[in-house]
Amino acid sequence: MVEETLITEETAHPISKFLREAMMPHIWCSGCGNGVILNCFVHAVDELQMDLNKLVVVSGIGCIGRTAGYINTNSFHTTHGRPIAFATGVKLANPNLEVVVISGDGDLFAIGGNHFIHAARRNLGIKVICANNFNYGMTGGQQGPTTPLEALTSTTPYGNIEHPFNLVHLAAASGATYVARWTTLHVRRLTQSIKKLLQKEGFCFIEAISPCPEIYGRYNKMRTGLEMMEWFKKASVVEHFSDPAKAEITPEKIVVGEFVDMKKPSYEKLLHEQIAQINKKAGE
Amino acid sequence: MPVRLWRTPLDTKKVKLPKAEIHIIKDQCKGCNFCIQYCPTKVLEESEEINAMGVHPPRIIDESKCVVCSFCTAVCPDFAIYVVEKQCKEGC
Amino acid sequence: MAENKELESREGSEEIRVGVYVCHCGLNIAGSVDCEEVAKFAATLPHVVLAKDNRYTCSDQGQELIKNDIKEHKLNRVVVASCSPRLHEPTFRKTCEDAGLNKYLFEMANIREQCSWVHLYDQEGATEKAKDLVKMAVAKAALLQPAEEIEVPITRKALIIGGGVAGIQAALDLADTGYRVYLVEKQPSIGGMMARIDKTFPTMDCSICILAPKMSDVGHHPNIELLANSEVVDVKGYIGNFHVKVLKKPRYVTKDCSACDECTKVCPVIAPNEFDAGLAIRHAIYTPFAQAVPSTYIIDMNICLNKEGIIVCDKCIKACERQSINFEMKPETVELDVGTIIVAIGADVFDPSTLPNYGYGKYPNVITSLEFERLINAGGPSGGHLIRPSDMQIPKRVAFIQCVGSRSEKNGKLYCSNVCCMNTIKDSLLIKEHWPETEIYVFYVDIRAYGKGFEDLYKRARKEGVKFVRGLPAEIIHDKKAHNLWLIGENTLQKELYKMNFDMAILSVGLEPRKDSEIIQRLLTLSRTQDGFFMEAHPKLKPVDAATAGIFFAGCAEAPKDIKDSVTQASAAAARAGILMAKGKVTVEAITPISYVENCTACGLCTKVCSYNAITLNKELKRIEIIEAACGGCGTCAAECPFGALTQNHFTDEQILAQIDAVTEHGAENKIVAFCCNWCAYAGADFAGVSRMQYPPNVRIIRTMCSGRVAPKFIERAFARGVAAVLVAGCHPGDCHYINANYHTQKRVERFWKKMEQQGLNKERLQLLWASAAEGERFASKIHEMKVMVEKVAPEEVENAKKVFEKALGGS
Amino acid sequence: MNKKGTVLEGVHFMNGDVACAEGAIAAGCKFFAGYPITPATEIAEHLSQRMPEIGGIYIQMEDEIASMAAVIGASYTGLKAMIATSGPGFSLMQENIGLAVMTEAPCVIVDVMRGGPSTGQPTLPGQQDVMQAKWGSHGDYEIIALAPSSVQEMFDLTIEAFNLSETYRVPTILLADEVVGHMWEKVVIPTGEKIKIVNRKRPNVPPEKYLPFMPDDDLVPPMACFGEGFSFHATGLTHDEHGYPQTSSSEVQQSLVNRLCDKIRKNADKIIRVEEVALEDADVVVVAYGIVARAALSAVRKAREKGIMAGLLRLITLWPFPEKHVAKIAKQAKAMVVPEMNCGQLVREVERSAKETPVAFLSKLGEDPHTPMEILEAIRRSI
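Residue numbers (numbering that gives the first Met the number 0), protein chains in the order written: chain G, 0 to 283; chain S, 0 to 91; chain U, 0 to 811; chain B, 0 to 382.
Wrong hints could be hidden among the right ones.
As a list, the in silico SDA-like pairs of lysine to any residue whose alpha-carbon atoms are at most 25 Å apart [said to hold, decoys possible]:
(1) S/LYS41 - U/LYS264
(2) S/LYS41 - G/PHE231
(3) B/LYS185 - B/GLY27
(4) S/LYS12 - U/ALA270
(5) U/LYS395 - S/LEU9
(6) S/LYS25 - G/SER29
(7) U/LYS306 - S/THR40
(8) G/LYS232 - S/LEU9
(9) U/LYS102 - U/SER594
(10) G/LYS53 - B/TYR209
(11) S/LYS25 - G/HIS12
(12) G/LYS199 - U/GLU320
(13) S/LYS13 - U/GLN290
(14) S/LYS12 - U/LYS480
Since the hints were made in silico from the structure, they are not lab data.
Being a predicted model, the structure only gives us computed values, none of them experimental.
Work the whole structure out from these sequences, hints included.
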């Protein structure tokens, strides 16, 4: 029992070495799913025994934007909507780095939507994990690009009349080589998916549906994280490689699983091959 | 072959199921209760005490029921709970 | 209208030329019937161009004669008055065919079994009856139509339901013959009951040792597709063309599984292993036993921590090097097209906890014979050591109690479960083999050691000192401290009470039909006997065929059997299925329904009464569609149709009405018209004849394939024509050869009785009789009984009935 | 015209945009992100061909916002990075220029100025972004901006811009105009070793000791890059020397923002460059920059021929503003003339520094730059 007596020391959480202790506890509310996503991410990194020096985590603005700061690795917290654009510079400048963007639905798909579709189109080898909480949490719960029809938010007091993005469909249509969707209740599958995403070539995308009980939930009769998790449990159906176009999120059904998993040469690979080609010719 | 299974299997005692040691970092808990709700063997419950965050952290009902699936560790948004398997010496 | 159609269809066709042949059958017929006179009489009947009598019409000369006449005299109908059509109809049909006459233009009058033999001492009555029978036959013959038997192609694939030793044997036989076989097993592995048994009697082979090779053959056979952990959920179609839906339940482990067993080491959930009768544990992820086929592991989702659909525990996933765990697996429905089906679903064992006096389920040391098999088995939970559950000690005194759940309606089932006696004897010898000192008592009712080598084994057991006590214990009393057992009962040989103490008691439990037999019965439209086991088409001559064509039985599904019999029957079933598939086609007797579209109102009544789902209602076209190949040929649909839009080939309304009219032309008031189904009642009547049971000669039997064919209008016609009484006779309920068609017979007769009562008629004049082929006596005595009744029927009653049913007189 | 895979050398005849691109390569730039826009497009086009040859990265992003963000990303990953645009694109970049300032990401932004506001006159020159260059992004900050007035300077000052931005970890702006951008002239490029190249300061402590935003005495923190083993955090939020957000601390806000300004202000003398022509005895001083300064030079010469004591102060560094130089000359001068291709931007800085000395402003919009005669006329009028 010798080891036990050592690890009963409270701070010795097995994955605490991946976190910037100085930044803990994180700013997220009780029942928020961002912590779960962070937890899954570091577990994935741990299981893959990744070299943290070769990892770069970039995030934008919003609650989940703080993630970059919490992970004990190269991290950058950009302006609103620009993490993918920033990550593009990093990945191209040093293709040996594993560049992961962890950000929110508003950051990535409203203000940053243009960067997302173009990075996917280029098949640039950056990995994007989107925490989808259906609204702008940090600014107090405004309507966003993923807010479900009829949902109440601080800016849709009469119910949302905008059609939300179906993120997995958008990602697949834009050319992502790996597309998956899980909820924060599917922690094991989410972790496995993240491991896969970290090992794949090209642009990869995971939508992690995440409870926002304090803000979104408060407006929509799910006041606790548990209630939102129970919704995920009730509504989610695991269907691998189903048609992403048919995977809209409704109160009744959330199709989760992998939607796309293909091989396609990444932008940086083609670019550096081209550079090598040109210089070979030059040498002749 | 539906046979009524009413006996305790003869080799029940021989099977070694993992013994757990659950660590709750009380003051890091924000009281979302995910660990309590989704524990498959219902090892945890909400305690009365109030922690640094002003919430009721989980409390262990019966550690022996824990099978070290570690779902609580995986689902905790606040890194406030983890489980280690007892490296038991002979006898345990 | 239907009649008119018949007439039209005959217009313009050449004139009817009937030839009648009255057979003496040596003195069998001529002994009590004046055949010459019958022939003379026949010659006077309409359409008859010649009538002859001869000694043996079935003899070569007799047949030659018919052939020549057909050619010379341009006969286009042939009537032979001789024995039962059940005996010689095929013979004479062939004769006609040889002479170029369609075999459906042949008709028979049964003047032996149903006349000469049953009226041995009433020559006059017999002769009169014979004339009537010939007249009826000629009347029907005149209306006979040539018919072509339809041919149905047979898919050369077989479905076998159940992967016990019977299913395995049948699968291998068919697969080796070269047919594609789908073997569906409900459990995660094939092997069934035999895989769980330690040794087999009487040879004492190691059961799994001889079964395992066959199991892996099934697993590897290129012609066999094994669908384990699967269930048949839907069967459509008919012989040669079954469309089957099989539900493949998810294993949550893919084929990549190498059975390395690493997953069970980490799986934190345990449960009793069904395979070991609950004496050993298994994990949530497991393989039922070492030799399982398929060897792929399976996850029991009822107990797995991830049952909620969320992966809470991923220990097995992490432990699996081949990454063959897949919690996303979903049930899938596989659709198969097969030509034949073999039902080998086996049997369940009787649950003795329903017998409070033996205390099974309460007293730890009272075990079942199945639990014994696992205990004595080297691969079992106790490593082959016979231990008593209470203290894991090897028992010194062991009692076997026989017939637990068998041979007693009160305490289980009436029938003998067939295997228990020898199994106990085998078990007792196994104990003696390992622990010779053990005192063994067998409490029995009778010891049934009928099989090859059984008696020797029984003798050996006695020689080894196993004591056999006749008389089952009335009760077991449990000694709570020592967990010993007191057996109290009467030794019926010595007529004395016994009270004996044992360390352990083994209940020799019987076999019973599987709980899910009903489902299979419904899916395949099969019939079952009173015991609940499946009923074969013929107990003697078609022991492995089901009443539904193209379906066969193997193993305990049909009745309790030991391994040897199961295997034998399995090979037989395989052979029977093989014959069909080898032919590649099957011909269906042309006794299927004909529909008159113009009369059909698409009411759908016929579809409801068809036990074969051979009639479907096409709502768009507002008409019915008949799948001849699926039709069993009972004619119930024709009887049900209120609009004359359906009739049955070769048993048309007109033909039957013509027979009735023939009977009732003279002296109807004294006659009984009896409608007998071909399989039971008519055969019963024949049996009465064969056994020379004498009964009054005033009955005239009209043969239908099934009593379900008897339409109310036939009975009305008979009464309208003034008969004294009508008898409708068929198979016993549940024994119907057309699944359950005679159930409609009953409903119709009951309805008719009501009608008669409302009309103030004596309902006794219509009688319903259930008589099996073996119940000649029952048939004869019914006729006696009715004779007495008929004599009481007053002329005015007859007149009343005539009036009431006047309307029925329309038509031919 | 250029030797593949190497930095250009020798004498060449080229246009300003190309000279700028070659300057970047000479300065060691290995990353260019941009978006097509007149009159800066030729820089992108030229680099799309040249970057691969020297193993550098060229990428055309989906817009200037993305381009600027990518440039910061590349810079943080250790590459010298540049972006080239004109007015509209420059506006789009402003937020991320602020991010570069806040996270102290060295990078060079080329703005080849055209006529504005909005889409304005894409093909005509302007000097209308001068104030935007200093004040374009929200919040307080100091920045460096240089104004080339010849194709040769397009080459030289691009290198200078890189050196300054690497030295002070600040985005540095090359404020060119349509004329210098498109004009063809002789460019003399010295051999590699003769060109002065500055690289950013690297940490001289082990990773565990490294504080990404702890400045040295020159107020500039040494810079580590992603993937070098110093795993650190950077954010656009107000942050302490660990790079950790401090969103509610006034001390941190004050010390950070003040340092970001002071590292430029306190080093202004090292940064600022001007060209002085005939100022010793000048009564009238023309203060000009960019292409306009060349007309001003000949105007000053003509004035001297006509006996007017005129001189020229050409501003090479616009930001930080060379206020000392202006103030000094203002003391002796009787009048000052500031010709600009705008409605009066830098003239205000001149007035601020010139105190009582009268300053005449000469505006020009929507056509070619001022002619020497126009400026000469203004000189005459000023006395």
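Checked hints:
The hinted pair formed by S/LYS41 and U/LYS264 meets the criterion: a straight-line CA distance of about 23 Å does not exceed 25 Å. For the hint pairing S/LYS41 with G/PHE231, the CA-to-CA distance comes to about 20 Å; that is within 25 Å, so the pair holds. A distance of roughly 22 Å separates the Cα atoms of B/LYS185 and B/GLY27; the hinted pair therefore holds under the 25 Å criterion. A hinted pair counts as satisfied when its Cα atoms are at most 25 Å apart, and S/LYS12 with U/ALA270 qualifies at roughly 13 Å.
In summary, the hint linking U/LYS395 to S/LEU9 is supported, as the alpha carbons are separated by about 20 Å, within the 25 Å threshold. A hinted pair counts as satisfied when its Cα atoms are at most 25 Å apart, and S/LYS25 with G/SER29 qualifies at roughly 14 Å. For the hint pairing U/LYS306 with S/THR40, the CA-to-CA distance comes to about 12 Å; that is within 25 Å, so the pair holds. Simply put, G/LYS232 and S/LEU9 have alpha-carbon atoms about 38 Å apart, too far for the 25 Å limit, and the pair is violated.
For the proposed pair U/LYS102 and U/SER594, the alpha carbon gap of about 22 Å is at most 25 Å, so the pair holds. For the hint pairing G/LYS53 with B/TYR209, the CA-to-CA distance comes to about 18 Å; that is within 25 Å, so the pair holds. Taking the CA atoms of S/LYS25 and G/HIS12, the gap is near 12 Å; set against the 25 Å cutoff, the hint holds. Our distance criterion of 25 Å between C-alpha atoms is met by G/LYS199 and U/GLU320, whose separation comes to about 20 Å.
Taking the CA atoms of S/LYS13 and U/GLN290, the gap is near 23 Å; set against the 25 Å cutoff, the hint holds. The suggested pairing of S/LYS12 with U/LYS480 holds, with an alpha-carbon distance near 22 Å, which does not exceed 25 Å.
Checked against the numbered hints above, the structure breaks only hint 8 and satisfies the rest.
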